[in-house]
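**Q** For the record, the sequence lines run as chains W and E. The opening residue of the first sequence carries number 1 in our numbering; numbering runs sequentially from there. The opening residue of the second sequence carries number 1 in our numbering; numbering runs sequentially from there.
Treat the hints with care, since some could be wrong.
One copy or two, either will do: identical chains are not told apart, so a pair holds if it fits within one copy or between any two.
To be verified - When the alpha-carbon atoms are kept at most 35 Å apart in a straight line, the in silico DSBU-like pairs for lysine-lysine are as follows: (1) Lys246 <-> Lys48; (2) Lys226 <-> Lys172; (3) Lys161 <-> Lys55; (4) Lys56 <-> Lys335; (5) Lys234 <-> Lys81; (6) Lys154 <-> Lys172; (7) Lys246 <-> Lys310; (8) Lys335 <-> Lys48; (9) Lys180 <-> Lys299.
For the record, the hints were derived by calculation from the structure and aren't laboratory data.
Protein chains: 2
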Amino acid sequence: MELTLQAPLDMHLHLRDGEMLENIANASTHTFSGAIVMPNLVPPVSSKEEVTAYKKRIRHAIGNEDFTPYMTLFFKPSYDKTFLENVKEEITAIKLYPAGITTNSEGGVSGFDVEELRPALEAMSDLNIPLCVHGETNGFVMDREAEFVHIYEKLATAFPKLKIIMEHITTKESVAALDKFENLYATITIHHLLITLDDVAGGMLQPHLFCKPIAKRPQDREALLKVALEAHPKVMFGSDSAPHPKHAKENCGCAAGVFTAPIALQLLAELFEKHHALENLQAFISGNATRIYGVSPLKKTVILEKKPFKVPSDYNGVVPMFANEEIAYRIKEVKLG
Amino acid sequence: MELTLQAPLDMHLHLRDGEMLENIANASTHTFSGAIVMPNLVPPVSSKEEVTAYKKRIRHAIGNEDFTPYMTLFFKPSYDKTFLENVKEEITAIKLYPAGITTNSEGGVSGFDVEELRPALEAMSDLNIPLCVHGETNGFVMDREAEFVHIYEKLATAFPKLKIIMEHITTKESVAALDKFENLYATITIHHLLITLDDVAGGMLQPHLFCKPIAKRPQDREALLKVALEAHPKVMFGSDSAPHPKHAKENCGCAAGVFTAPIALQLLAELFEKHHALENLQAFISGNATRIYGVSPLKKTVILEKKPFKVPSDYNGVVPMFANEEIAYRIKEVKLG
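Put together the whole structure using the sequences plus the hints.
**A** Right under this line is the structure:
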């Protein structure tokens, strides 16, 4: 069986920088037309010059023009309209991190005082720049996202024209918020559609499945599956593919992140087929994002075939999800046009 | 400041076998008069001959008589009264594992049919042999223990004279069950008094804090702390100290278990002092267990002093809790009598 996807988009991707960027850029982008590239480098990407320089490094690492990096800025409350008007042409969105909540987020937002955020967020709203949010409090690990929903609601109410993307949602509470506020959208990863905390810590501890937000309960996964499989119009695929060197995952004090980009489409095909929802995959993987972000992705056709594929043990030292395991689909062809 | 404890008992200890037993026996037993030794070897300890042989290996590994291993059998529904009468003199309790729920528990009990268990459990009840239970279902990792409480209640009701020890309890639901059934008792570890899931997976992933049952929510820890600090008469200290080689903890697919025995008393002293409950430590660490099990422990005096102690990086290749960190108490003297 073959499956053809047009212009797949990954609306949440970590490409890192330096040697890691060089190591994983091609594997992470080959099957996608484009991706929203997250700005949590050290230091974070927070000026026009940094965005353009990072974009150039990404293009250099990929080595061709067959992929569009949709660039983002690391949100700071100090951004004003003049700054944003100037940087707008270089970015597709701005990413907000609560301070200290995930990899390289130390410079993020503490407290969510609407008035403090108003100048920056109103300017973004006026300029139609979407706000991507890592929505977790610093509460108990299983509650962090559900606790953050009231902040989403507060922001959605205070800035009704601002497009707010709830990134990598993992709970039924976030899913429920989607239908309550017109301006709330969401990305969902492939791993949060496949695993729960049981897969991370129910048997042996599995560092390669450890991520933030941590995988939640079976009921949460069910809620995510429902909106992904029906390609709910406010939901987009975002891998949150987050490479770390093998030693940073397998040692004591393992870093958070699952590396999925090279196998994301293959896994999605298998999952959507299993649930008899293949007809919705194109919308989940591209159509919804194109409409929500108003982008015109590079024309790229990806043909998958249903043939067992053994996932490599690593991609240049980065261990992917399902390393050394067999998955049902493989990439047959990727072509421009 | 000095603190003197008489005849400390560890009512739940893993001493393993072979090379691991030789490596950790002294560190695990030095500060205790005795301990309930768990039988989940490969194959499990399930005959009189195996108990006596294992006891002999433990004595050999320790190399002195300054410690009493209270031996246990691995529960099988096939045990009958004749068998139990014969083995009774060699054991202090019998440990029941649900099948496949933790390290080396594959041969455990599947389903908890009272009538199937009746012959063995009535014989144990008649012979006054306590039943120690690892109380977890095979459900979602955060719910397994709370889900098991109804099985505890079923067993406690069906066998009202059988002493049932809920081992290493981690939830407020298990704490609540203590006061509902006269014949339910519990052990509590030091690590479950100190950590929650946040410590295991809230920041970086910490394999050395990964154990079964997994550490739960702050409210659960509060419930455990309350009954431990007041030395609730049905609650005993049991370290569940569970050594694994360093490589089995720090690699992919990390084994469950925290190694605490060598520092358990020191940590308990610090914790009880912090909560102004030092007057209850003797009961928690020895008095309650002596009464519940009806044992007369070896006379041993342990003097702790409040002086910073740097926990070693490992004990013969086994990484303890708080490795390389400083704790507030150290052992000043251990003497018989």
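**Q** Check each numbered hint from earlier against the structure, then list the numbers of those it violates in ascending order.
**A** Checked against the structure, no hint fails, so every one of them is satisfied.
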